[in-house]
Amino acid sequence: MKKQLVELAHARSGDKGDIANIALFAPDQATYDLLVREVTTERVRTHFAGIVTGKVERYEAPNVLALNFVLHGALNGGASRSLRSDALGKSLSSALLRMEIEV
Amino acid sequence: MKSVRIAGGLGFYGDSWRPIKTSIERGNVQYVASDHLAELTLAILQKDRQRDPNLGYTRDFAPMLLDLLPIAIPRGVKFILNAGGLNPMAAREVLLGALKKFDMKLKVGVVLGDSVLERLDELQEVGVSLVHMDTGADITTVRERLLFASAYLGARPLVEALDAGADIVLTGRVADAALFLAPMMHQLGWRWDDWDKLAQGIVVGHLLECSGQATGGNFGGDWRSIPNLAHIGYPIAEVWENGDAVISKAPGTGGRVNFDTLREQLLYEVHDPRHYMTPDVDVDMTTLRMEEIGLDEVRVIGAKGRPAPEMLKIVAGYEDGVMGQAMLGYAWPDALAKAQLAAEIIQQQMIEVDLKTEEIVIEYIGYDSIHGPLADPTHAKDLNEVYLRIAVRCADKKEAAKLGRLFPPLALSGPPFIGGAGGMIEPRGLLGIWPTLAPRTVIEEYIRVSVEES
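Sequence lines, in order, name chains L and U.
The first sequence begins at 0 in numbering that gives the first Met the number 0 and counts up one residue at a time.
The second sequence begins at 0 in numbering that gives the first Met the number 0 and counts up one residue at a time.
Every clue listed holds true.
To spell it out: a stretch of chain L is covered by chain U in this simulated footprint if at least three of its residues, at any positions, have a beta carbon under 8 Å from a beta carbon of chain U; those stretches are:
hint, segment
1, 3 to 11
2, 16 to 26
3, 37 to 50
4, 60 to 74
5, 87 to 100
Partner residues aside, some chain U positions facing chain L, computed with beta carbon under 8 Å:
hint, residue
6, L266
7, D271
8, S368
Dumping the calculated DSS-like pairs for lysine-lysine here, alpha-carbon to alpha-carbon at most 25 Å:
hint, chain 1, residue 1, chain 2, residue 2
9, U, K100, U, K20
10, U, K312, L, K89
11, U, K312, L, K54
12, U, K355, U, K397
13, U, K20, U, K99
14, U, K1, U, K303
Hints in this document: simulated from the structure, not taken from any laboratory.
No residue lacks a Cβ here, since even glycine has one placed at the ideal position from N, Cα and C.
Take the sequences, apply the hints, and build the full model.
Written out as structure tokens, the structure reads:
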């Protein structure tokens, strides 16, 4: 069965230069393990095609049941240079929550 | 066991200081640490300083202090602010002038030495490459267009000012969390190689540096569950001698401090949580624990630290073109199709008026302006209204301004049913950000700390 991440987790994104990070938070250990298995670096890269131009890295913070994605080239050159409405990438977090995973 | 109570101040230039007032009145705090400088704030300040050499600081800080000092002085509350921006000395003059209306003598400390724009040749001569730390690009390509270059300093000079008795410390660029680490070092007697305690201090600072984002603001979880955001309390930390900390907020305020709101802030703008690099310590966030110990009270313990890095981060900003933009709204029926036709018309006319662009972004507000290509197309049908927004990057202001002039005629000569024609939007200078690294020794030799009585 497929589920959209918005039903499973919450997220916050932030900016540094042209790099955005999205931290994805699970409500419990079982969901965290599921996210670790399903929300891979490759899947996130594909998900953000057309927005993110560089590499994607994933870091694990199991102590707070979180995965942290670092998206290079995600902000059209960075907040102060971007032509986009979401120059700071504040809503990249909610865009990630659109992803569907197998549960 | 000794402890210190610190209030989170502003999260950016333009943030509200009303919640700080509440933290002082009801939060029993000894310090307010306030972050006025986002990455791009220095660009705004540089423009101010180009107009007037006596500007270049964040101008909200003086009205903020004049409003807060009458309640802060009787309680002995001290302030640490990076509001000095690119011109901490000018900020001090403004503050000393403003303080004349208070009877009590206050000591104002200033930290200088973060700005390295004038020293870039010297840095290169001693072998600092100044290459872009993410892309490895050579700085030569942007060197002539640089507007500012500032190093992120650590907490040491701030502690020096506090040790010399400063009631208010004004800095330029310092690591945001260092604003908070400074009063802990000053009060708790930690050594500069107590890495785990420094790591705890930085984590606490990081949690507090974005005002309401730690207390339920911008909360990506169940945002409906956050009470009374209109009267949100900013975060308050109590930190003990052994490094343990409790994050809370003033009683009676809105917002929420719990595991969920705090863990969102913990990873905000973090890359590798095992190595959160700051000038004072390399922090491992993955060892810490956050436990709810009461309503709006979370204990934070167990962050681990490794020795401070040899290199400090510098962020420079350079001019990178000018943005022209324009907007117009279209109503149901077929709102999106109308906005798309308007976009086609504008694009044809851009070619005909020979508008030279380096980049163009077309967005449909109400449909895809925030999620871009990830917007769900099944929502495209039957929207009540859609705003067309076009933004262009051009070489100069004159070129960028051409875009806005193409929009007004759409009112009578484009597709039907418009609204929200807001007039032309002034073109705005764009700024590229250039992060780079330099050995701390070559930066730190220029740090100066002075403390003067009002």
